[in-house]
Amino acid sequence: MSSSHCPSPLPSVTKLQVDCVTFPPSVISPASSTPLFLGGAGVRGLDIHGKFVIFTVIGVYLDAVTVPSLSVKWKGKTTEELTESVPFFREIVTGSFEKFIKVTMKLPLTGQQYSEKVTENCVAIWKSLGIYTDAEAKAVERFLEVFKDQTFPPAASILFALSPNGSLTIAFSKDDSIPKTGKAVIENKLLAEAVLESIIGKNGVSPGARLSLAERLSQLMNDKKVEEDATKTDHNQDEAKDDLSIGVKLAKEN
43 MSSSHCPSPL PSVTKLQVDC VTFPPSVISP ASSTPLFLGG AGVRGLDIHG
93 KFVIFTVIGV YLDAVTVPSL SVKWKGKTTE ELTESVPFFR EIVTGSFEKF
143 IKVTMKLPLT GQQYSEKVTE NCVAIWKSLG IYTDAEAKAV ERFLEVFKDQ
193 TFPPAASILF ALSPNGSLTI AFSKDDSIPK TGKAVIENKL LAEAVLESII
243 GKNGVSPGAR LSLAERLSQL MNDKKVEEDA TKTDHNQDEA KDDLSIGVKL
293 AKEN
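Numbering (my numbering), first residue to last: 43 to 296.
In case anyone wonders, no lab produced these hints; they're calculated from the structure. Here the structure is a predicted model, which is why all the values come from computation and not from measurement. Treat the hints loosely; a few may be bogus.
Straight-line Cα separation of at most 20 Å, SDA-like style, residue types lysine to any residue; simulated pairs [what the hints assert, rightly or not]:
| # | residue 1 | residue 2 |
| --- | --- | --- |
| 1 | Lys-57 | Gly-153 |
| 2 | Lys-244 | Gly-137 |
| 3 | Lys-216 | Val-188 |
| 4 | Lys-190 | Phe-214 |
| 5 | Lys-57 | Leu-186 |
| 6 | Lys-222 | Val-69 |
| 7 | Lys-159 | Met-147 |
| 8 | Lys-190 | Gln-155 |
| 9 | Lys-190 | Ala-179 |
| 10 | Lys-190 | Ser-215 |
| 11 | Lys-148 | Glu-229 |
| 12 | Lys-231 | Met-147 |
| 13 | Lys-169 | Pro-129 |
| 14 | Lys-225 | Arg-132 |
| 15 | Lys-190 | Glu-229 |
| 16 | Lys-244 | Ala-197 |
| 17 | Lys-190 | Pro-206 |
| 18 | Lys-57 | Ile-220 |
| 19 | Lys-119 | Ser-215 |
| 20 | Lys-148 | Pro-196 |
| 21 | Lys-169 | Leu-186 |
| 22 | Lys-159 | Phe-97 |
| 23 | Lys-159 | Leu-171 |
| 24 | Lys-231 | Val-165 |
| 25 | Lys-225 | Gly-153 |
| 26 | Lys-148 | Arg-184 |
| 27 | Lys-159 | Arg-184 |
| 28 | Lys-231 | Ile-90 |
| 29 | Lys-231 | Ala-197 |
| 30 | Lys-119 | Asp-217 |
| 31 | Lys-266 | Gly-172 |
| 32 | Lys-115 | Phe-214 |
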């Protein structure tokens with residue numbers, strides 16, 4: 043059942059500024075009329091010849107019911123405990139509540155470049171879980187098709203809305219705005235989940251977003267006010283750079 047049928051108060055959180063990209067405290071996704079709160083944000087980048095190069099900046103938004111849903115098992119855990127917990131992030135990825143991802147370009151990318159890397163990471167996740175089927179292969183083909191003719195200059199955004207029923211709505215924005223409707227909808231729950239897991243999962247491409255989510259959700263579940271300023275967030279990103287995951291290392295090969 044969609045979480046919009048049982049609305050919960052939206053948690054009070056602050057905006058986040060990560061590498062000159064500002065993520066507002068809440069948004070309404072192109073897939074629903076449900077307001078979602080900013081769960082966390084971070085960068086995706088690579089160490090190239092000793093210099094950390096940022097490609098995209100990513101914000102993850104969640105339905106208000108996320109907090110009470112996760113609190114049943116995870117309330118009382120510290121940021122460090124949550125950051126290191128694979129089951130915690132799997133619960134976020136697979137939970138039956140709405141999620142929204144905003145991926146803003148720092149460097150220009152073509153749709154083909156972006157979609158091929160995302161689907162490569164998704165297929166790696168499925169194969170590791172033993173759940174790669176013909177349905178997922180067809181969903182990947184559809185995903186690549188949606189991105190085929192797109193180009194993303196700096197400051198443009200790719201938007202993903204993940205509904206509780208498993209559909210993935212894809213939208214594009216050339217500026218900071220969020221369109222009211224998506225460009226395409228792919229009905230494949232595993233693809234929707236893998237897109238998010240490829241970002242915040244154990245081998246995700248944004249350790250910074252993973253850390254930011256763990257910190258904010260730990261505070262919210264422990265009934266603490268979320269006051270995370272840009273300086274602290276940047277510090278978190280610096281810490282996360284030292285934790286480049288398998289997903290990032292895979293990206294470096296391309």
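Hint check results:
Taking the CA atoms of Lys-57 and Gly-153, the gap is near 28 Å; set against the 20 Å cutoff, the hint is violated. About 16 Å separates the Cα atoms of Lys-244 and Gly-137, which keeps this hinted pair within 20 Å; it holds. For the suggested pair Lys-216 and Val-188, the alpha carbons sit about 16 Å apart, so the restraint of at most 20 Å is met. Taking the CA atoms of Lys-190 and Phe-214, the gap is near 13 Å; set against the 20 Å cutoff, the hint holds.
Proximity of Lys-57 to Leu-186 is assessed by CA-CA distance (about 32 Å); at most 20 Å being required, the pair is judged violated. Straight-line distance between C-alpha atoms of Lys-222 and Val-69 comes to about 11 Å, which keeps the hinted pair within the 20 Å bound. Of the supplied pair hints, the one linking Lys-159 and Met-147 holds, its CA atoms being roughly 15 Å apart against a limit of 20 Å. This hinted pair checks out: Lys-190 and Gln-155 have alpha carbons roughly 9 Å apart, not beyond 20 Å.
For the hint pairing Lys-190 with Ala-179, the CA-to-CA distance comes to about 16 Å; that is within 20 Å, so the pair holds. Among the hinted pairs, Lys-190 with Ser-215 is consistent with the structure: their alpha-carbon atoms are about 16 Å apart, no more than 20 Å. In summary, the hint linking Lys-148 to Glu-229 is not supported, as the alpha carbons are separated by about 29 Å, beyond the 20 Å threshold. Restraint check for Lys-231 and Met-147: not satisfied, since their Cα atoms lie roughly 26 Å apart, outside the 20 Å limit.
With a C-alpha separation of about 18 Å, the suggested pair Lys-169 and Pro-129 falls inside the 20 Å cut-off, and the hint holds. Between Lys-225 and Arg-132, the direct Cα distance comes to roughly 27 Å. Violation of the 20 Å bound is thereby established for this hinted pair. For the proposed pair Lys-190 and Glu-229, the alpha carbon gap of about 19 Å is at most 20 Å, so the pair holds. Of the supplied pair hints, the one linking Lys-244 and Ala-197 is violated, its CA atoms being roughly 27 Å apart against a limit of 20 Å.
With a C-alpha separation of about 27 Å, the suggested pair Lys-190 and Pro-206 falls outside the 20 Å cut-off, and the hint is violated. With a C-alpha separation of about 16 Å, the suggested pair Lys-57 and Ile-220 falls inside the 20 Å cut-off, and the hint holds. At most 20 Å may separate the alpha-carbon atoms for a hinted pair to count; Lys-119 and Ser-215 exceed this at roughly 37 Å. With a C-alpha separation of about 5 Å, the suggested pairing of Lys-148 with Pro-196 holds against the 20 Å cut-off.
Straight-line distance between C-alpha atoms of Lys-169 and Leu-186 comes to about 19 Å, which keeps the hinted pair within the 20 Å bound. Only pairs whose Cα atoms come within 20 Å are accepted, and Lys-159 paired with Phe-97 is accepted, the gap being roughly 13 Å. This hinted pair checks out: Lys-159 and Leu-171 have alpha carbons roughly 19 Å apart, not beyond 20 Å. This hinted pair checks out: Lys-231 and Val-165 have alpha carbons roughly 14 Å apart, not beyond 20 Å.
Taken as a hint, the Lys-225 and Gly-153 pair is honoured in the structure, with Cα atoms around 14 Å apart against an allowance of 20 Å. Between Lys-148 and Arg-184 the alpha-carbon distance is near 26 Å, which puts this suggested pair outside the 20 Å criterion. Taking the CA atoms of Lys-159 and Arg-184, the gap is about 15 Å. The hint holds against a cut of 20 Å. For the hint linking Lys-231 to Ile-90, the alpha-carbon distance of about 34 Å lies beyond 20 Å, and the restraint is violated.
The hinted pair formed by Lys-231 and Ala-197 fails the criterion: a straight-line CA distance of about 29 Å is larger than 20 Å. Between Lys-119 and Asp-217 the CA atoms are separated by roughly 37 Å; this puts the pair beyond 20 Å, and the hint is violated. At most 20 Å may separate the alpha-carbon atoms for a hinted pair to count; Lys-266 and Gly-172 exceed this at roughly 39 Å. Taking the CA atoms of Lys-115 and Phe-214, the gap is about 35 Å. The hint is violated against a cut of 20 Å.
Violated hints for the displayed structure, listed by number in ascending order: 1, 5, 11, 12, 14, 16, 17, 19, 26, 28, 29, 30, 31 and 32.
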